[in-house]
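K.L.:
Sequence:
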Amino acid sequence: MTSLENLLQSAVDDGTAPGIVVIARDKDGEVNISRAFSSENGTRYNLDTVMELSSMTKFPTSIAALQLVEKGLVTLDEDLSHLLPSFANQGILVSVADDGTPTVRKRQNPITLRHLITHSSGAGYYFLHEGLGKVRAAQKRESHGVTVDEAFDLPLLFEPGEGWAYSTGLDRVGQVIEKLTGLSLEDYMKKNIWEPLGADSPTFFPDQHPDISNRRVIMAFRKDPDGPAVEKPEIPTVTTGLKVPFGGHGLFASMSDYFKMVHSLLVDDEKLLKKETAALMFQPQLTPASKEELYKFMDTPEMKSMFASPPNDRDFGLGGLLIVGDNHQYWHKGALMWGGAASLNWV
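The numbering used here applies: residue 3 is where the sequence shown begins, and numbers increase by one.
Keep in mind that the hints were calculated from the coordinates and are not lab data. Hints may contain errors.
As the list claims (entries may be wrong) - Quick list of in silico lysine to aspartate or glutamate cross-link-like pairs, EDC-like style, CA-CA up to 16 Å:
1) K298 with D315
2) K136 with D100
3) K273 with E72
4) K181 with D81
5) K142 with D100
6) K298 with D317
7) K245 with D189
8) K277 with E72
9) K234 with D259
10) K136 with E161
11) K273 with E197
12) K142 with D155
13) K335 with D315
14) K293 with D271
15) K108 with E164
16) K293 with D317
17) K108 with E161
18) K192 with D202
19) K245 with E144
20) K245 with E180
21) K193 with D259
22) K73 with E272
23) K193 with E180
24) K245 with D100
25) K29 with D271
26) K276 with E72
None of the values given here were measured: they were computed from a predicted structure.
Based on the sequences and whatever the hints tell you, model everything.
P.N.:
Put into structure tokens, the structure is as follows:
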């Protein structure tokens with residue numbers, strides 16, 4: 003085994019991770035790694051093990067949206083208010099009272115697909131913003147088994163295009179895709195992303211597919227940050243009770259199938275997007291004001307542990323975090339990446 007393989011196997015053996023799947027391939031085929039690591043007495047992991055993707059769902063949702071741009075069904079910069087009436091009616095958060103009642107002002111800027119894909123629409127996650135958290139708590143809503151509109155009925159944090167906040171934007175993109183195509187996001191992705199790649203595991207509803215659910219592994223959690231990761235089937239996750247597709251966090255898939263999508267874009271085989279459209283994904287998209295907020299977010303301890311590099315050498319492309327500088331220990335300029343809360347990452 004190589005030193006890397008030894009390191010990964012030891013991480014599984016000591017309980018740091020319940021299992022690890024690593025797949026890497028470069029454009030020329032000189033790098034070709036596909037390995038799974040499992041503990042001797044634990045759950046067996048392989049390349050076809052199905053996992054909860056969390057925010058790695060955002061990448062295929064972005065690709066699906068760009069397919070609609072190619073088809074002329076929508077543009078990156080048109081106002082989408084007519085397609086997202088519930089979202090469009092949200093005001094900009096000014097303050098929040100002690101009882102969770104928000105004070106808002108009327109939104110002025112249009113909400114565009116570019117904003118939604120790049121997290122510059124003004125939307126935010128209530129668990130990342132204190133004010134939105136207070137509003138959410140006051141709503142006393144169920145967290146599971148709800149629609150996108152019910153789950154994210156929250157004010158905007160800033161005018162679209164004038165800030166940056168990691169957000170529910172891709173969940174809204176999923177709604178746009180469904181309204182423009184007349185298909186559920188599940189069916190649209192199956193027909194236009196997974197079937198062209200020969201990928202059979204990706205789904206928002208693994209329990210409806212025994213052949214997929216039988217390959218699924220249980221999420222593991224740590225009680226102690228320095229302790230072992232332990233599988234906890236009784237702990238709910240962001241997909242618990244999911245009844246509709248959420249384009250920002252709802253997918254399940256094997257790493258081998260997910261890699262087919264990433265590799266397709268790397269080699270520009272045009273199975274998913276035309277070369278010129280794929281190239282747009284790797285171009286900086288943020289305004290100076292939005293970049294300043296991205297820098298602050300990426301400079302937090304949590305994000306630095308996931309994406310170790312100078313925070314001000316990054317932008318956001320149409321699908322992920324984009325490296326735009328040359329001062330990185332690990333990444334090349336032009337690399338696109340993101341991950342998911344379930345300790346998953348793609349580059």
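K.L.:
Against the earlier hints, flag every one the structure doesn't satisfy and list their numbers going up.
P.N.:
Hints 9, 10, 14, 24 not satisfied by this model.
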